[in-house]
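Quick one: dock chain against chain with the hints and give me the complex.
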Amino acid sequence: MGMEVRMHGGGNMRQPSRGREAAAGGAPLGPSGSSSRGTDGLGVVAVWLSSLSALIYFLTSYGIKNHVLLLVQTFRKALGLLR
Amino acid sequence: MIILASVFYLIACMDIATILARSIALHPLYEEMVPRFLAWVVFFFATFLGGFYVLGDINLATNLPVVDPRYGSVIVLVALVLLGLVFRGRVASLLSLGGSISRGRPAGLQGSSLRDGLGRGLPAVTLITFSLIALMLIVGFPRGFEPQAYHLPIGLYISQAKSLKIWDTAYMHTFPANTSLYFGFLLGFMSEHLVAAAGLVFLLPLVGAVYELGRATGADRTASLLTALGLVTIPMIAFSSFEAGPDVAGAAFLAMAAYFAIVNAEKCPCHQMLSGLAAGLAFGFKSLHVVSIAFLLGLILWRVWRKSRGDGFSRRVWGMGGATVIFLGAVLAMSGFWLVRNYVQLGNPVYPVHLPVVFDALGWTKAPDIDYVERGALQFEWVRSSSEWLVYPWVEWHYIGENFKHSSGLGPFFAATVPVSCLMGLGGVIARKGREWPMLASLLSGGLCVLLVWWVVGDHQPRYFMGALVFLVPLVAWTVSLTSGRSRQVLEYLVMLCILIGLSIIFSKQLMEAGASFIYARQFTRQTFYSYPAMIDRLPPGSTVVNLGERIWNYALFGRIHHNRVLSYSEASRLFEQPPTDADQASEPGHVTFYLASAPLSQMGSTHVFTVGSPNVQHDDCILLHEIDRLERDPVVQTILPEPQVLYEIQYCQTHKH
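From first to last, the protein sequence lines stand for chains A and B.
Residues 1 to 83 in our numbering are what the first sequence spells out, letter by letter.
Residues 1 to 658 in our numbering are what the second sequence spells out, letter by letter.
Chain B on its own, in the form it takes in the complex (with noise of 0.2 Å):
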């Protein structure tokens, strides 16, 4: 059944968005193939996300668990019926072949200049080292620290509870969660294989916006589309797409949202309208893309200024007052769920985002949990000063020597071209050139504005400025478009020879995960491939699962089919770590103690309790926690693992037992 509503759901907002793209087509712009895609994905995940966010409105006001795809087809199904009274008798004609999505002419490979010899192999030999790197993930599980540790099991969680509300109260899980709706949902259908790369899919996009926005610039078809090539060489975010995180979805989104704003945003509506719904999603994915969204009403409101100065005052603030609130509505119906819900259950929107004496004022709390003094020394993973971030693109330094992973890393394309597009271009900008620098300006302020806001926060992690790549690469297309005869030559392939070595290098590293993962430690099953006792795969239904070992072992927990409950580790410690003692810290310093109460344990029906390492693990009296599994070898090729774990079985008193 739930397979059945989630496969309709599926289809619903894809015929929704393929009516909603093809109503807007009139416009020019969307005779190309990719803008009309872009106009289709953002529609498609607009629907897709905000028939959840309906559902999560009911449950928040109404505490009913809702939230799943069988009610969401049913919202869809409504909505299909008013798009049917909207478009009266143009449903049909909208949806058949005719008026498919991939009707428009193709603005991508086809007319690419990219004809000869390596040049023709490129876009084939990308499409071949994904391909390939796909099927990688597809033999194992979904993979990334932040994914195991909160995203998927927050998917999970609203699978299980049907709930939108927060799972607990650390920080980092009160994050707007578009990521654990995405493949939560695709969780409750598919197999565990193909979940693993769906991150994947936002690499399409993203190529497509950026090949676009390079587009904008002036620049011709090869070198946009050398630059959207070279964009998905960069390690953060290549590695970030073989992870179920929320970081290239994000920056695929924001850069759908920047193209809108930029192209010709001012004489239709609906640009202003689809580029807030995509910064809204955006938002969704990854919410410190604020600082980007603020910056594209800045420059749609700055572009109907300048496009209506022939006309009066009072007409041009009408004007900018429509575009804000045509771009600011689509952005609040596509974020505005996440601010209600924590506004409701936090007392902040923006929770755990904090600025002091605004947020004091108004009487929006402060998360307890977070240390934005302690997040500055977070940079010393990828710097060994402050000054060297300067120079990173060229030394990507990192302390234990992960240079090239989902945070870390920019990649030979990056080094060679971004940096020195960014200075012809404000060159560009400085000197007037061409019809292009107002569309140089936008890219350069947006690219800066995020980078400043970045260093200004002061927690400065690379992938915390993803939001200005968008931005800043599609330049490179611009720069490459400068040249001409011998110097076009070189540079092309000079751009080439970067791809083809990012590529190497994104491929070498993923055939090494999977020789180790798969051909060394033959981690086949969900068991091998986390680690973990084979006893979780086998608790009975409804068990539920305290982790008092890290956060990396949620997603594990919840077993094979997802049968099991888990209380997080963040949640686990929060309620039984006890503060150590000076004697605790002069004999075992960072050794941690829980006391197990019962009463709180049987209340939230807790069967299970998951230790790693050798905690000190203390209970009250009423419970009795009975060991019925260890892990102390690696399951395949017995190895010692540095930490033993147990999973127990709490057995208790007459009082609280169920």
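Same shape as in the complex, but just chain A (with noise of 0.2 Å):
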């Protein structure tokens, strides 16, 4: 079916993904990148997706909007009875 589970440490489980997890174990990957697919294209695409689903997020979501909102009432509510 061409799918194989890869083998991740060690060598005895998932290989590290064509140049992915080059330094497993070894130099950083992380943050400063270096998982190179050769998708860029793709990966910035889901940047920009990402970064406007979060945007959109954080100015449409009634949750974060509340939870502001009850932060501030408490914070306000525990100074009064401080008081």
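Worth double-checking, as some hints may not be accurate.
Computed cross-link-like contacts, DMTMM-like style, restricted to lysine to aspartate or glutamate with a CA-CA straight-line distance of at most 20 Å [to be verified]:
id	chain 1	residue 1	chain 2	residue 2
1	B	K165	B	D68
2	B	K366	B	D459
3	A	K77	B	E513
4	A	K65	B	E381
Note that these hints are calculated values from the structure, not bench results.
If you're wondering where the values come from, they're calculated on a predicted model, not measured in any experiment.
See below:
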């Protein structure tokens, strides 16, 4: 079926995928970036879409808005009680 | 004695799990620590709950009160002896330190590329946040509406009656009760304070399974770790884990079932078995996971079929038959008891579920107290129209502003990453991208399958699609792994920011709750925490309290040391509530009238009646209700309660005197 679960770490499990984790246990991979799959075009699209999605969330979510309001109210109440 | 038996039962279950997990460790998958841990968790809970299923079967067949850790200890002792015979001479080495479950290489944090600044601290920040929340939970008592209404009361009923028979026939009390078994067992030998945080335990295997599912898509460790950490910041999951409920446990076992089904299930029957065991356990916690179980069976069969494409037709069919028997056999071993119990007691193995034509033909009963049409309207707690579900992750509306709780809210991590990852994953599948596309297709199909059934069934509560998260969230790991260089950096920081905001939401909400409960209201005792008449804790042993209050009081009424018996609100209503007359409706709409008949009350050994508000309680001439306690003000802050609570002692006439 063309799919194989790769093994990670020590060569007994998943093999690093096309250069990703080339330095499994060695050179840093994360935020400084090294996951080179030759798919950066798609990756850039993913970053833009995720950023847009996050922005929309923070602008439109009643959850965030109500939670911040609740925090402010509670803080004021707590201050009032302390006085 | 019961404490000793419970501790022995736990230790024996751990030993059995260790032996079984080690016995399959020859497969290379188990060189890694996380898969070994997941296999151990599945075997542990399969043994722990399996022992009770055996006792439950005996109880069902003979009516003997045997569901008790003492008898359970005998069962696991027999299992240990049998294992000793099977692994002659190897048990000691399997249990030895060298063979411990932690022998494998850690695949989690070690080797993670979250090595700089904020990233390095993220797992620690998450761990500290949840540890602090655990401390806040431990100060209090088990919480959550459904846990107090029935999961915990059923657990205590099982301990008291030593029976796994149905507590009462209200439809919500007839579901599989792994949650009640787990929490009831813990309540039997440890402090209620510790039990309050016992739901957090299931986050560990959930995180581990989602991490491994992420890895299975070909994602690197950083991406998989970020994804697993992001999952626990989803409010619905985090807040569910703070309650003594079934949702996180169900999701955790479903994630493990998916992991073992997806990772090489066609290559090793042990994976099919582990997947089946985990799926059966998931069903026992949350029966709606039956949808995912059917999907996983289909997935395993598809993979076995594809793997054997060089073989002849009959050989391929035999292969599929074998996989079906192993997977379904394991599922039924872990879920069969609940099916048998409901069939024997209620005439329908999947009661209260009812498929009109098929079940009518089979003669399987229909629950009289569930109205699927009415349940369709429940969605308006979260959305203002059905189409709003399409944007729910970005809107998170709630009709009374409870946007983040055990049943509400998907949080910033989900909104920022999961929908985008689904799109990217779909693109990857269509383009047959890399070697991972069948894995992506499996996860996408699983998630969409759950969402589709959720949509079709019509009971649109967000937590009912929690099963879909198990399949869809790991796609985030794959999407993060798509990026490189600056894109990767930006995406990782975005995900980390969302995780930190998610953690701060969860932590601050718990802090506010703890502050309100313990600093402001000083609810340090059980009576003040649940706010009930103090006399409940001082009733003579063996007292039976009839709950005419509300469902949520079921658990509180068991008393501080759980020495009371409780007739649940739903059963009491069924027995004693009078249908309102037209005159009642006109004068006092919504006012409830109970008529207490002495014969059934006496027959059930009822000694006390508990009411909330001012229901109209009438009774026959053979009963006198003597008020022995009343709570009209909050016990600590002394504010007037909206509805007074009254505890009556029942005095029977000579005819019904015990």
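Going through the hints against the structure:
Simply put, B:K165 and B:D68 have alpha-carbon atoms about 13 Å apart, close enough for the 20 Å limit, and the pair holds. The hinted pair formed by B:K366 and B:D459 meets the criterion: a straight-line CA distance of about 17 Å does not exceed 20 Å. At most 20 Å may separate the alpha-carbon atoms for a hinted pair to count; A:K77 and B:E513 meet this at roughly 13 Å. Distance check on the hinted pair: A:K65 and B:E381 sit about 18 Å apart at the alpha-carbon level, within 20 Å; holds.
In summary, the structure agrees with every hint in the numbered list given earlier.
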